[in-house]
Structures are given as C-alpha cells and as structure tokens.
Amino acid sequence: MSSRAHTGGLPATQPWSGELSPTLVAAARIVATIKASEAKWITAGGRAILVWSPCFAFAGYRFGPSGAAFAASLLLASIWLICLRSARAAVHFTLGIPVRTAVGTVTGLVGVSAMALWVPGLGMSTPTLLLLALSVFVLTSIWEGLVQRLVGKRRVLVVGPSGAADAVAEAVAFEGHTHFTVVGAVNDGPDDTYRLGSVAELSRIVDDRRPDLIVIGNGEASSAAIDRLLATSSRDFKVVGLPHFFDYAFGRVPLDDLTPSWFMSILHIWQRPYTRFAKRTFDVVCASVGLVLAAPLMLVIACLVRLTRGPIIYRQIRVGEGGRPFTIYKFRTMKRDAEEPGEPAYAQENDPRVTPVGRLLRKTHLDELPQLWVVLKGDMSIVGPRPERPEFIPMLEEAVPFFTRRLLVKPGITGWAQLRRDYASDLEGAADKLSYDLWYVRHRNVVVDLAICAKTFSTLFMRPGR
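This note's numbering applies: residue 1 is where the sequence shown begins, and numbers increase by one.
These are calculated hints, taken from the structure and not from any lab test. Please read these numbers as outputs of a predicted model, since none were measured by experiment. The reader is advised that the hints may include incorrect statements.
Claimed, not checked - List of simulated lysine-lysine pairs, DSBU-like, C-alpha gap at most 35 angstroms:
| hint | residue 1 | residue 2 |
| --- | --- | --- |
| 1 | K330 | K279 |
| 2 | K238 | K335 |
| 3 | K455 | K363 |
| 4 | K330 | K363 |
| 5 | K238 | K363 |
| 6 | K363 | K377 |
| 7 | K40 | K455 |
| 8 | K238 | K377 |
| 9 | K330 | K238 |
| 10 | K238 | K455 |
| 11 | K377 | K330 |
Claimed, not checked - Quick list of the computed label-pair ranges, beta carbon to beta carbon:
| hint | residue 1 | residue 2 | range |
| --- | --- | --- | --- |
| 12 | F174 | G67 | 48 to 58 angstroms |
| 13 | I313 | V289 | 51 to 61 angstroms |
| 14 | G310 | T193 | 53 to 63 angstroms |
| 15 | L408 | A454 | 23 to 33 angstroms |
| 16 | W118 | R359 | 20 to 30 angstroms |
| 17 | S53 | T459 | 44 to 54 angstroms |
| 18 | P65 | R442 | 20 to 30 angstroms |
Glycine included, C-beta positions come from ideal geometry on N, C-alpha and C.
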C-alpha cells in the first residue's frame, strides 16, 4: 500500500534537517486530522467575531462606550449572522464562498436597514450601511476562505468499485479544489493506491479514518456498505452517492452514471421553481442595460471590423430551446468565405481563419455583444448552454448520450459550462461541457444566474481569452 494511504490521503512527510522538524511534522498531522465538522466551529466563532467587530465600531461611535452600544452591536451582528447562515444552506456549495457570502450580506443589509427604522437612535445613512455591508462581506469571505484552505478540507472515504477513489481524487485535482481530500477507499477488489480494506472492515475503517463524507459508488457492495455504516458507533459523517457527490462538489453531472430517471429531478416536487416570467424579466433587464452601456463601444467595433472585406455582422443559424432554429448575430471575426459551402467546421485554437481584429474580439468576447439583441427578441437568454449549429446536432446526439437534453432551456450568451471549460473542439469536449450544462438545467435560479454573470465579468478581466 502506498504511503499516501497511510497518511490520510496526504503525501508522506519528507525528512527535515532542522531541529524544528518534529514540531512542524506534529502540527501538520494535527491540521490534517481536523475534520470539517470540527472546523465549522472555528469558522462560526471567527465569523461571529468578525461580523460583530464593525457593528460594535459603528455602535460605539453612535452611542459611546456603553451598554446601549453593546446591545445595538449584538442586534446588528445577529441579523447578519442569521442571514449568512441561511445563505450557506440555500446557495449551492459549488458556487463558492464569495457568492454565498454576498447573498447573506445583501439579505442582512435589507434586514439591518429595516431594523434601523424601528430602533430609536439606530438610524444609519446609506453610506454607513454600505460600509458596514462591505466590511461584513470582505471580513467573512477572507476568514472562511482561510479556514477552509487550512483546516476545512472535508475528508472523503470512497466505497465502491476499484478505481472509484482514483476518479474522485483526479476530479479534485483537476478542478483545483482545496475543499476535499481523499483519505482512502473501501472495496473487495485488488489493492490499489487508496484501498484501506474490504467492505467487511468498513466499520473499523470509518472509526479509524473519521471521514466527513462517505461516497458510495455503484456496484454490489453499495447495499452491504450501507448496512455496515448503520452499524458503526459513529454518526459524525454524511453519505452520498457518487453522481450526487460530483453534482455537489464539482458542479457537473457524470455522464457515465446518468440514467433517464435522473431527469425526473428536474420535474421533482421539491424542485424550486424558476418561472419563465422571472427568467424573462432577468433577461430583458440585463440585455436592455447592456445594449445601452455598450452602444458606443459597439460603434467603435463596427468601424474596426469594417477594415477587412466582408459584412460587419455575421449571421448564423443555431438550435434553440426545444430544437427550434433561430438566427444568431455576432461581430464578424473571420475572413470572408472562411467555410466552404456545406462543410461546417469547429472553431480551433489559433484558428488561421480569424482576422487580427477578430482575434482581439474573440479574446475579449466582445464579438458576442450583438447577441444582446437576440436575447431581447426572446430566442436566447443571458445565461444558458451555448447554442449549437444544426449541422453538428445529429453527430453529437449519436456520440454523446442525452446531448439534446440541453435543449430543455434557452441557450445563453454565457453559462456554467463556458465558465468551467474552454471552447469544445471535439466530441470529448462537447461531452465534458454537457456535464456542466445538465447541472445548470437542474439547478438554475436567479442566484445561480447572477453568480454566473459575476463570474463571467471577473473571468473577462482576470483571465481574458478563456
């Protein structure tokens, strides 16, 4: 068995020549064994102090060092803490700490504003309210991110076929997550990198490794594993199936484990509604504001595109919601007659057909600004799967299972799959992006759309060309 299995999913510690080596090694082992369920108390305690501090600073300035200041600060901090806690439960984990904290902060801001109207002497100006909210958001985000990076990793034990733990560990590494660490695997197969023992030894392994999450894969061992888990002395863990773990942790649906019954979750009685009216309102408001703000820039882009032979606006037929075709508009980025008639081709990295101006537009995604008009027309949404060309649909439908299920919703200018993966230029890339598109189809709501829009803008500024 590899050294990684003996150290709780961590690489073996290398020798240290200095005299502090034993102390450092002991500290590292203590940090590595802190469970996420224990770290949550560290997170909650620090969050409470950091939220209370700016509230007390304001109350102390307003009332002076007195009991009234202490009581007012406790009242304000309590509202924000309750809202932050509710946001953690309501906002999907994979959207990240900043999104959950932002939702809790904004909700708390509404509550604090209402409370300030009713409590004598607690009235606050708009700048003061915004400064308090900004302090709560920044301090809470930094603290929770720091704790999660240092001691908040969730210890994952995988029960299932040989190789399931490797798949989880590879996904953790590929997604760049600091939230999870694989402590081992339990199965009745041959020894592998993470295997700790057989299913018959599961109770002992759970007591020994103290996992936060137990991921159960498909296979004959799953029912036996559940029986063993019910018999363990500890209940300080959560159990989740492998597909649901990928949904929760990585924001994607593993296509290999997908069945037609999975789509029942989209129509499930517990599914939170995201009505067409709410979605359409979101789209119209965002597209209208976007067109007004971008109008001067679009005029400049049109003049630049006109420097090369060909039309300014490129029109193309795409497939929309329910398989209905529509016309998409973009600023032309390729040379004239870039495709042979009847021979569609995927765009490529460093595509030789792209003009110099088009390369800049593609890198900044400014070529997609005319699609705001398509959103106003109702053929597209601000957020959704990218619309595919009808020429590629039969090939993708045959090669990628459930590919046409992405047509359950309107296509979007930006989307979850676009943020998580680059342009798809082959069938493997299309399948990979489909796994994220299906996650969006299942979890879409106003908060998810706002989060995707915010992440899109941050990506454009921080990682242009993605």
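Structure-based check of all given hints:
1. K330 x K279: Holds - the C-alpha atoms of K279 and K330 are around 23 angstroms apart, at most 35 angstroms.
2. K238 x K335: 55 angstroms, violated
3. K455 x K363: Between K455 and K363 the Cα gap is close to 16 angstroms, so the pair holds against 35 angstroms.
4. K330 x K363: 14 angstroms, holds
5. K238 x K363: Violated: K238 and K363 sit about 43 angstroms apart, past 35 angstroms.
6. K363 x K377: 26 angstroms, holds
7. K40 x K455: 26 angstroms, holds
8. K238 x K377: 46 angstroms, violated
9. K330 x K238: 47 angstroms, violated
10. K238 x K455: Satisfied, since the Cα-Cα distance of roughly 30 angstroms is no more than 35 angstroms.
11. K377 x K330: 15 angstroms, holds
12. F174 x G67: 48 to 58 angstroms: 54 angstroms, holds
13. I313 x V289: 51 to 61 angstroms: Roughly 21 angstroms apart at Cβ, these two residues miss the hinted range, so it is violated.
14. G310 x T193: 53 to 63 angstroms: For G310 and T193 the Cβ distance comes to about 55 angstroms; the hint holds.
15. L408 x A454: 23 to 33 angstroms: The hint (23 to 33 angstroms, Cβ to Cβ) holds, given that L408 and A454 are roughly 24 angstroms apart.
16. W118 x R359: 20 to 30 angstroms: 58 angstroms, violated
17. S53 x T459: 44 to 54 angstroms: Once the Cβ atoms are compared, 32 angstroms apart, the range 44 to 54 angstroms for T459 and S53 is violated.
18. P65 x R442: 20 to 30 angstroms: 52 angstroms, violated
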